[in-house]
Amino acid sequence: MAFQHKHILGIESLSREDIELILNTGDAFKEINGRDIKKVPTLRGKTIINAFFEASTRTRLSFEIAGKRLSADTVNISGSTSSVVKGETLEDTAKNIEAMAPDIIVIRHGHSGAPHYLAERLETCSVVNAGDGAHEHPSQALLDLMTMREHKGRIEGLEVAIVGDITHSRVARSNIYALSKMGARVRLAGPGTMLPPGIERLGNVEVCANLLDAIKDADVVMMLRIQLERQSQTLLPSLREYARFYGLNTENIKLAKEDAIVMHPGPMNRGVEISTYVADGIQNVILDQVANGVAVRMALLYLVSGVESMQTQ
Amino acid sequence: MKAMLIRGGRVVDPSQNLDDILDILIQDGKVAKCGKQLKDSQAEIIDAKGKLVTPGLVDIHVHLRDPGLEYKEDIGSGTLSAVAGGFTSIACMPNTKPVNDNHTITRYILEKAAKEGHCRVFPIASITKGLSGESLSELGELREAGCYGASDDGKPVGNSEMMRRAMEYARPFGMTIISHAEDLSLVGSGVMNEGPVSTELGLKGIPWVAEDAATARDIMLAELTGCHLHVAHVSTKGSVELIRQAKRRGAPVTCEATPHHFTLTDEAVRGYNTNAKMNPPLRSEEDRLAICQGLADGTIDAIATDHAPHHIDEKNVEFNIAMNGVVGLETALPLTLKLVQDRVIDLNRAIELLTCGPSEALGLPVGGLQVGGDADLTIIDLDRKWTVAASQLNSKSKNTPFDGWAMQGAAVCTIVAGEIVYKLD
Ligand SMILES: [Zn+2]
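Just so you know, the sequences run in chain order U and R.
Quick note on my numbering: the first sequence kicks off at 1 and runs consecutively.
Quick note on my numbering: the second sequence kicks off at 314 and runs consecutively.
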């Protein structure tokens with residue numbers, strides 16, 4: 001089956017078949033990452049620009065490594081979303097980049113919808129969303145699914161708890177779409193100030209009254225990062241109380257299935273949303289997530305590039 | 314000035330319960346006669362057979378952007394947009410640069426309108442100096458200079474005592490206080506209606522309670538002070554209900570709704586459409602239906618456009634940082650007529666909402682076709698089908714959410730003080 005999408009703007013616009021193709025492609029690329037010479041010629045001659053208008057270390061690093069392992073030329077630019085007044089418009093920035101004829105722009109932006117804005121205005125190159133505002137973070141959800149599939153052998157029928165600040169989380173939204181499309185069930189929990197209205201309409205979602213209801217008998221427990229910078233006094237009384245009611249620890253994790261896995265998109269706030277003992281415990285697959293991130297991003301870059309063969313040899 | 318005889322049109326003037334096939338004779342800019350089979354051998358004849366003849370339409374909520382923001386709109390282009398939409402009188406909001414908070418600015422607007430304008434312009438004063446919310450504008454002199462109402466539109470008066478004092482002070486001058494009802498602490502950094510669509514798009518929401526809470530406060534202050542309160546651009550079900558109940562109690566309250574709020578919902582934001590970004594935001598279908606109900610049952614007194622021109626550079630950006638507002642003067646009439654086609658309201662009610670409804674809400678001396686009064690008229694072709702093309706709008710700005718919409722009904726001739734100021738061939 002051929003991949004029909006020129007851009008990856010979000011999981012919402014992908015089908016179950018698309019997701020499966022991406023995950024299978026990711027699996028095939030993953031093997032390269034264990035080789036001595038971690039490089040294949042798949043995207044030789046292609047130029048990828050990682051345009052990060054919002055601070056990010058690991059996602060940018062992951063995309064950059066993914067591009068390099070496929071032999072693409074990767075260039076990073078960063079900018080600040082907040083410098084709208086003095087800076088040029090996003091459209092001008094993008095058109096300038098496009099004039100240098102890159103093949104793919106990977107964009108991270110603080111404003112929801114920024115990748116869609118670019119995709120509408122760019123003529124030739126593909127746009128890959130590396131996280132836009134509180135909207136979507138498709139590559140994160142895909143690497144999460146890849147990790148779940150690796151550990152659980154399937155995604156269909158899994159009970160997945162997602163806990164934390166759902167309102168501001170693009171990771172939660174993309175995972176809700178992806179998991180629902182693949183036949184898993186999502187349970188959400190978080191402080192009342194962090195559960196947005198109508199979230200249950202995004203997919204196969206149950207909003208739980210508390211953390212314990214969400215993780216009881218879950219196959220996967222995904223803890224979201226509490227964004228310290230976004231945490232204002234109107235949303236949370238204290239991180240201490242957050243840890244007490246919404247933090248995952250060695251006690252409450254026992255409510256999940258015995259073989260449940262614990263995930264986190266990183267970076268973790270140890271002692272806040274996840275205790276150190278759980279973060280370093282055997283159920284934790286957080287580093288697998290990071291490793292799979294490279295593979296799944298290689299898959300995305302390859303699939304949107306329109307290159308015919310993976311050339312993994 | 315040559316006399317004019319408008320022949321054979323269906324004359325609808327809700328201010329005098331008039332709906333009949335009649336001729337209208339205009340002399341010296343006034344309505345001289347209104348009756349059957351009028352004759353005048355000197356007069357220019359205008360055949361209105363098969364057309365609707367109404368008092369000139371009135372829009373009490375327009376941003377003309379002049380002085381200071383002429384790159385968006387000026388008095389010339391804004392009033393041209395108005396007459397193209399069938400409006401002969403518009404009231405313009407004070408959030409210009411500088412703010413219309415003293416009579417010098419009011420006189421500038423009126424003089425420029427007399428020179429370069431295409432229709433009547435009624436400036437609205439700011440409630441507080443510089444829209445700061447801190448000290449009262451010179452409302453007495455502003456009233457003298459020609460302001461019928463005062464509003465800090467766009468920057469609601471947050472301090473409740475300030476609003477109380479403004480009402481107390483404005484009342485003896487016979488001024489209407491127009492409220493842009495929003496509790497800004499509840500608006501926060503919201504950019505669209507809070508609901509399933511904002512959740513899905515990952516955009517910060519503005520809850521309905523931000524409007525309802527402010528509407529409730531201002532109604533109570535109007536009841537305390539006896540000042541006439543006009544609530545601008547009602548967008549929520551709760552606000553409509555609060556005003557309905559206030560009117561039942563006899564509170565001195567009127568209100569308006571915009572065509573975009575009775576036509577669209579927050580679904581229009583999908584795709585991060587910045588031409589669907591305005592303040593108050595497009596709400597849910599439930600809210601939209603409540604506004605339609607309010608228009609039908611008399612709770613809502615007027616349709617007003619909140620015509621808010623913005624330059625393309627201010628809209629062609631990410632949704633979060635795009636300016637609030639849409640142009641509305643040239644699409645208001647057909648969108649109101651759509652309510653008639655959809656049987657939400659009847660034709661007489663539609664015309665009332667666009668003529669004497671708004672003029673009475675603000676106490677303006679326009680909105681009817683009484684013999685001896687100013688001859689401001691709009692001739693409307695109810696059957697005319699046309700398609701909105703943003704690029705063809707007369708306004709300097711093209712920020713309409715209705716680009717490409719098929720419309721039925723248009724003003725084909727707009728007459729101000731007996732002179733044709735706009736004619737569609
Ligand atoms: Zn307003």
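Hint data in this document are derived by calculation from the structure and do not stem from the laboratory.
As the structure is a prediction and not an experimental result, all values here were calculated from the model.
Honestly, I wouldn't trust all of these hints.
Among chain U residues calculated to face chain R with C-beta under 7 Å, some are [as the list claims (entries may be wrong)]:
{"no.": "1", "residue": "Thr93"}
{"no.": "2", "residue": "Ile97"}
{"no.": "3", "residue": "His135"}
{"no.": "4", "residue": "Gly203"}
From chain U, some residues computed to sit far from chain R (all C-beta separations above 10 Å) [said to hold, decoys possible]:
{"no.": "5", "residue": "Thr89"}
{"no.": "6", "residue": "His109"}
{"no.": "7", "residue": "Leu287"}
Backbone N, C-alpha and C define an ideal beta-carbon position, used for all residues, glycine too.
*Compare the structure with the hints numbered earlier in the document and write down the numbers of the violated ones, lowest to highest.*
1, 2, 4, 5 and 6
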